[in-house]
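Going down the list, the protein sequences come from chains A and B.
Following numbering that gives the first Met the number 0, the numbering of the first sequence begins with 0 at its first residue and continues without gaps.
Following numbering that gives the first Met the number 0, the numbering of the second sequence begins with 0 at its first residue and continues without gaps.
These aren't lab readings, by the way, just hints derived from the structure by calculation.
Do not take every clue at face value.
From the derived model, a few chain A residues whose C-beta atoms are all more than 12 Å from chain B [unchecked claim]:
#, residue
1, T66
2, G84
3, R145
4, L295
5, I413
Covered by chain A, per the in silico footprint, the following chain B stretches (three or more residues, Cβ under 8 Å) [what the hints assert, rightly or not]:
#, stretch
6, 13-27
7, 192-206
8, 216-227
We put the CB at the ideal spot given by N, CA and C, even for glycine.
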Amino acid sequence: MLFNSLLFVVFFFIVTSLYYLLPSKIRWIWLLAASCYFYMYFKPEYILIILFTIIVDYIAGLLIEKTSGRKRKLFLLLSIVVNVGVLAFYKYFNFFAENIDLLLGYTHAPKIPLIDFILPIGLSFHTFQAMSYTIEVYRGNQKAERHFGIYALYVMFYPQMVAGPIERPQHILPQLHSKIRFSSKNLNTGIFLMIVGLFKKMVIADRLGLYVDPVFSNPHVHSSLDLLLATYFFAFQIYCDFSGYSDIAVGAALTLGIELMRNFNMPYISQNVSEFWHRWHISLSTWFRDYVYIPLGGSHVSFPKTCRNLLIVFLVSGMWHGANWKYLIWGLVHSCFIILYLTFKKNKLLPDRYKFINWLVTFNLVCLAWVFFRAETVADAWYILGRICAVKNFSYTAGALMSGREIVFCIAIIGALVAGERYLRDLRDFSVIKKTSLAATLLVICYFLGIFNEAQFIYFQF
Amino acid sequence: MQKFTCALISVLSATLLLAAMDQTFIGGLKFNRYYDHLDLRQMDRNSWYHRLLIRSDKWRYGDLYGLCYLPEYKFKLEPFKKYPKASGKSVTNRVLYVIGDSFLADKTLNGAFDGFDDVKFLDRRFPFGPIVLDSTKQNYLVMEFGEWGLVGYNIDKTFQTMWSKGYLKVKVNFNTTAARKPTVYNLPNTFWDRLNNTLFNKNLSRNLETLLFDDKLFTPAKELKAELNYKLFDRVDKGVAVSTDKKRLLVNSTVDTTSILSDFRNISDKEIGTLINNLDAANHYYRSIGFKKVILTIVPNAVSVYDQHRLPYNRLLERVERDNRFTVVDVYKQFKDAPVNLYYRSDTHWNPEGLDLWVKAMNKSMESWW
Numbered sequence: 000m001l002f003n004s005l006l007f008v009v010f011f012f013i014v015t016s017l018y019y020l021l022p023s024k025i026r027w028i029w030l031l032a033a034s035c036y037f038y039m040y041f042k043p044e045y046i047l048i049i050l051f052t053i054i055v056d057y058i059a060g061l062l063i064e065k066t067s068g069r070k071r072k073l074f075l076l077l078s079i080v081v082n083v084g085v086l087a088f089y090k091y092f093n094f095f096a097e098n099i100d101l102l103l104g105y106t107h108a109p110k111i112p113l114i115d116f117i118l119p120i121g122l123s124f125h126t127f128q129a130m131s132y133t134i135e136v137y138r139g140n141q142k143a144e145r146h147f148g149i150y151a152l153y154v155m156f157y158p159q160m161v162a163g164p165i166e167r168p169q170h171i172l173p174q175l176h177s178k179i180r181f182s183s184k185n186l187n188t189g190i191f192l193m194i195v196g197l198f199k200k201m202v203i204a205d206r207l208g209l210y211v212d213p214v215f216s217n218p219h220v221h222s223s224l225d226l227l228l229a230t231y232f233f234a235f236q237i238y239c240d241f242s243g244y245s246d247i248a249v250g251a252a253l254t255l256g257i258e259l260m261r262n263f264n265m266p267y268i269s270q271n272v273s274e275f276w277h278r279w280h281i282s283l284s285t286w287f288r289d290y291v292y293i294p295l296g297g298s299h300v301s302f303p304k305t306c307r308n309l310l311i312v313f314l315v316s317g318m319w320h321g322a323n324w325k326y327l328i329w330g331l332v333h334s335c336f337i338i339l340y341l342t343f344k345k346n347k348l349l350p351d352r353y354k355f356i357n358w359l360v361t362f363n364l365v366c367l368a369w370v371f372f373r374a375e376t377v378a379d380a381w382y383i384l385g386r387i388c389a390v391k392n393f394s395y396t397a398g399a400l401m402s403g404r405e406i407v408f409c410i411a412i413i414g415a416l417v418a419g420e421r422y423l424r425d426l427r428d429f430s431v432i433k434k435t436s437l438a439a440t441l442l443v444i445c446y447f448l449g450i451f452n453e454a455q456f457i458y459f460q461f
Numbered sequence: 000m001q002k003f004t005c006a007l008i009s010v011l012s013a014t015l016l017l018a019a020m021d022q023t024f025i026g027g028l029k030f031n032r033y034y035d036h037l038d039l040r041q042m043d044r045n046s047w048y049h050r051l052l053i054r055s056d057k058w059r060y061g062d063l064y065g066l067c068y069l070p071e072y073k074f075k076l077e078p079f080k081k082y083p084k085a086s087g088k089s090v091t092n093r094v095l096y097v098i099g100d101s102f103l104a105d106k107t108l109n110g111a112f113d114g115f116d117d118v119k120f121l122d123r124r125f126p127f128g129p130i131v132l133d134s135t136k137q138n139y140l141v142m143e144f145g146e147w148g149l150v151g152y153n154i155d156k157t158f159q160t161m162w163s164k165g166y167l168k169v170k171v172n173f174n175t176t177a178a179r180k181p182t183v184y185n186l187p188n189t190f191w192d193r194l195n196n197t198l199f200n201k202n203l204s205r206n207l208e209t210l211l212f213d214d215k216l217f218t219p220a221k222e223l224k225a226e227l228n229y230k231l232f233d234r235v236d237k238g239v240a241v242s243t244d245k246k247r248l249l250v251n252s253t254v255d256t257t258s259i260l261s262d263f264r265n266i267s268d269k270e271i272g273t274l275i276n277n278l279d280a281a282n283h284y285y286r287s288i289g290f291k292k293v294i295l296t297i298v299p300n301a302v303s304v305y306d307q308h309r310l311p312y313n314r315l316l317e318r319v320e321r322d323n324r325f326t327v328v329d330v331y332k333q334f335k336d337a338p339v340n341l342y343y344r345s346d347t348h349w350n351p352e353g354l355d356l357w358v359k360a361m362n363k364s365m366e367s368w369w
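Isolated chain B (complex conformation) (with noise of 0.2 Å):
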């Protein structure tokens, strides 16, 4: 009996670790468990793969909620609006290329602008190889940023102009010819290296997290220890922090003095020029290989909508989108003065209210630039 219990618990054991030290397999399952929320891809949900594993509630309620599983927080997301091409549109000839984050990430776009046949999304976080415009239509470029997002931005620092091969492998967003720079981005390639990333790989621990214990049938133990250390200490996960009025959640590092990320940290004027050259080179960039025209947009944190008086604010987005140097659409009072709530409360992104706000913001502006 003694043996047979060492046996089970070995082999049990051994087949957990030997699991989470698959990189691979970790990482579809995070994929699928992200995109499970989402209902973007038509996953069979009868599998036993999806039944046993797609069981998380990090994503489905918000990524604040996942952060810190406060309960008085879980509020299910509303799903995006769709804007996809209308069938009779009339041609317009021209294209809109859209360089943006995870607030227009995973979105349908195709049709939300009246002036545009089509709308290309490139995620900035992600590589994506050189831009090749069709030279039969007029191409536009929209830089969307999260007002965080901004914060040292260098287009020399991008993925765009720092491939390498392990992740032009991957073909993210667009097929790629060469890398302009060595290797900087690199995968494991020599034998050592793979060995070292699997066997020694310093997320084991975060693998078998997520193995074991990523599941909605631990939400209730989670929200008992998050709902505790609030109510007793006014902790909560570090990343996330509460707003003043504590009717959402925020992220800790636009609101932590302490984080280069922060809405309530000194920013001095020669790091905002600093950051206004580096958007112009940028401008300058993407208008030299074709755009017509270059457009800045900046969502605003929720912390500068919701909870700017909390500390003294920096006014980053304000202070940017002065400069003329740029064409900008400008959408921060437009937010503040909103009737309705534009932000999810248990996320860092707007919900479907400040998706369409934005959309329509950028339309009116587009009205005049034709």
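Here chain A stands alone, though its shape is the one from the complex (with noise of 0.2 Å):
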């Protein structure tokens, strides 16, 4: 189900007032049963694929705590296994198969069948959230989970299951456990955030789209003015889908009483891509610190250590976005990014002062890296930089796409999202009043200037 879509709407109704009605003890129940209907809408049978982890790590989790050792350690091993194991069945057996016949074709060995199949939606955020359970529980510093139902529903709580935020046992669980009471400030926070998060899906990310998917889709045919401008609006494009989603999970939660941790802290204004990645997707970037790059020795370690640590981390984050070469250039050109921020800040080579220059750098930096996010192949990426690089045909030839008044209006309008952000750091202290008014001027700009095609969101694929 779209968080965009008409049936969201109705389903958010009815989940929400139902949840207050019923008694503290059986919401879960509920939660549960509404979060897999949540799921199945997108394609009922892969149901049984969360399931089957769901069933392996809470006995994982159960077994880790009752054992010590290598035990422990085994038992910890096996969950990892499975998850990593469904992962990299249904997001990354064709990709290995294509490569490998690749390679083997140079020797005519018999090709590695593909299997045809839709990937199943958010795999790769639920199987994060469930292995972060059971390496904490092996750390000690969660207790084992008894009651399957909440942990069925920490895994597939629905605001968060298919596109994060990823969550950790400790902040989760305990909520899921307590009695929690009907808080107008929740609901009416919560509600103005998931308003937030609809503006910037159906009136910037959907809008930019409207020019950006058809650039990117065919990218020979277009100036360098267009396809720089294209990179430009594909950074807002999936900044506000993304962190557009995040506001309404964040936001569907709180009117449940539940508070889910903030993903994105204006990621386009830091100073240098370490930042950056402070403030984007903050929930996976401390996944991989938690989890990866502090116990690979993160940066309590040689220099060139910390080199190969950050590069291991990056390549992995871009595999974890999809199954393709371009994902696993991002992430390399990141860590390259941030290894040469390193060494500058190292050397003391940075100019601090001019503060202006270090933002519009690293703005820059990222943005040519999203070209291989979003670029179809990594040949059109480099395609891309090339021209754009080039600078032949500095004229706009996209006008059948999007006009020009529509370009100044997209302009305009993250000019206002970036001010917007500023402002709305303070919203959980706003006067009623103040959201309501806020949450009706949205709604009426969502309505009039709101692309309705329920697009789906970009991170959905992941």
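Assembly of the complex is requested from the two constituent chains, each provided in isolation within its own frame, with the hints serving as guidance.
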């Protein structure tokens, strides 16, 4: 089910209102049933995959807690192998098969058959959330969950199950156990956040998509300026799409009295690429930091080893996004940026005084990397970058896709977003009247200037 | 108070969702809203059902207006002239079958053609059973196509040769006895399919929109949104395009060069050849089941008549009609030269003058058949 659909609006009203009508003790049943329906709406059969991993991780959690020494490690390993195995099978099997076929093609070996299926939606998200549970139980930071239903709800909680934020058990499980009282502040703040998310998605991301998607689908017919504009627009399209989703997720959870972690913190104001990763997709960045980067030694090792760790983390992060070389290169490019940044910093070569220049360079580097992320293929990405750098035919030729007036509107709305986000940082403290009037204004803009095409959220594919 | 509000919201939302899941109810609603503007059926307009739910502007001002809601193209559709059977007409012992599309659907044509006792219309868009001809009369057939409906035509892929049990139950057009080919267009049969089709139906959002917002109460807001987006950004609904002279709405797929149905898509001679062969196969099939004569007539797209210089036109219609394997009733030139407007400005189809011109052209052509 898509957050930007009418079905979700009705679903949300039913789930939230009935939730507060039910006694606290049985609310988990209602939320779990609602989450199952939410997930099954995409493809009902895939609920079996998620159920399988839930059962495995639930049992693994109990066994890890019960045992010690090598056995404990073995159970953790088994749980990780199952989770990564499911992820690898559904997400990476065809990618590896194609690439192995390509290599074996030279030896005329028989081809590995590809599997024809639709990728289960949000697989990477809930798999990572499930893994975080067993790892935390293993580390002793979290008690194994005895209540199977609550554990299942931890993995399947509908607001965040298909595109995060990827939560930690210490943060969510206690909230699922607690007796939540109705709070009008939570309700109105939650609904306000959801409207902000819808605004970002329908008014900004989907309108930018009207230009970005056709340009990136067919870059060879566009001028340098068209491609440059598409690159900048994509930076904001993906931000508004994903942070819009996160806002709706956080808001929907808050209406149920459950707080989710913040996933974005104005990433495009970053002064360097390292800071960007502290502000972008925070739940994934911290996941990799806690479960990959720090176990590898983090930055408490020699500088070359730190660089190696960063390279590994970003390559894995790239792969997490999708089974395609372009994501791998995107990860590689980011790791190079951070390594360069650390090298400059170590040698005190960074001009701290010129904040604007730092911001400008950082923003453009991030946009440059986005080209690999968004282009259909790696070859297209190189073509786009080459064409932009060559500055050939620097005129606007995409008038059929978007008029000049609409381009100006898009730029203005991006400006409004940047200013508005600063203003909305303290929205929890806004008065009810302020929230209501702002929400009403945003809703009116959403209706009149929003794109109603039920476009899927970009991060759903991961 | 808080519990009461929650209960009220739950009940209302759940009722709405259940109504949206009921495909029969939604289908009936859409059907009634569509036929309401045609005024063909005797509906009780004073009933609560009609007063509350059949208040749509989606069809009343043309299908293209109903997609884009642009107020400058809000024209009420004039009703079509009826051509009923004349009472004192001499018997000709000839029956005319017309296999056509939305251009001729829901029209009264029984007495339109002087040389025929009766006219039987079969809607190509819906399944119909085997045609059983009247052996005591001479049977003629007109294959009518909208220009864009020609693209990809193949009689072996039409409903006529692909009946499913589910559709046979519906018995559109004719009673049928048996399916000639295994089920292709299956209605849900198993419990799982039915459950899937109800709970997880992919049209639930659209059904909710039909229930909640397809009402004339919301038309002003829809028009304002459409106007704002058109004036500010030159954007209209993706199903619609505005003609170069801004006088009418056009079906976007007949304009958009990336669409297979476009007037401006380059169509190779090979593709035209395949299409002509497919039409000829249909011609042979219908002749083999007893039709004395099979006639082809193509209704031009509005863009072919009024906006063909927008981009290089592929001239699909003329290239097909040029082939001498068929008897063709060609109306394209007459349509282009007509001094009056022949198409609704806010709808895909011709207007009463367009239909009348076609009927006259048919009658004139028929004079040479016997």
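Hint by hint, here is what the structure shows:
With a least CB separation of 41 Å from chain B, A/T66 remains clear of the 12 Å interface cut-off, as annotated. Listed as outside the interface, A/G84 is consistent with that label: its C-beta sits roughly 28 Å from the nearest C-beta of chain B, beyond the 12 Å cut-off. Even its closest Cβ contact with chain B, about 30 Å, leaves A/R145 beyond 12 Å, as expected for a residue assigned away from the interface. Once the 12 Å rule is applied to beta carbons, A/L295 is consistent with being away from chain B; the minimum gap is 43 Å.
No Cβ of chain B comes within 12 Å of the Cβ of A/I413; the nearest lies about 16 Å off, and the non-interface call holds. Here's how the stretch 13-27 of chain B fares: 4 of its residues keep a CB closer than 8 Å to some CB of chain A, so the rule of at least three is met and the hint holds. Requiring three or more residues with a Cβ within less than 8 Å of a Cβ of chain A, the coverage given for the stretch 192-206 of chain B holds, as 5 such residues are present. For the stretch 216-227 of chain B, the stated coverage by chain A holds: 4 residues have a C-beta nearer than 8 Å to a C-beta of that chain, and at least 3 were required.
In terms of the numbered hints stated before, the structure departs from none.
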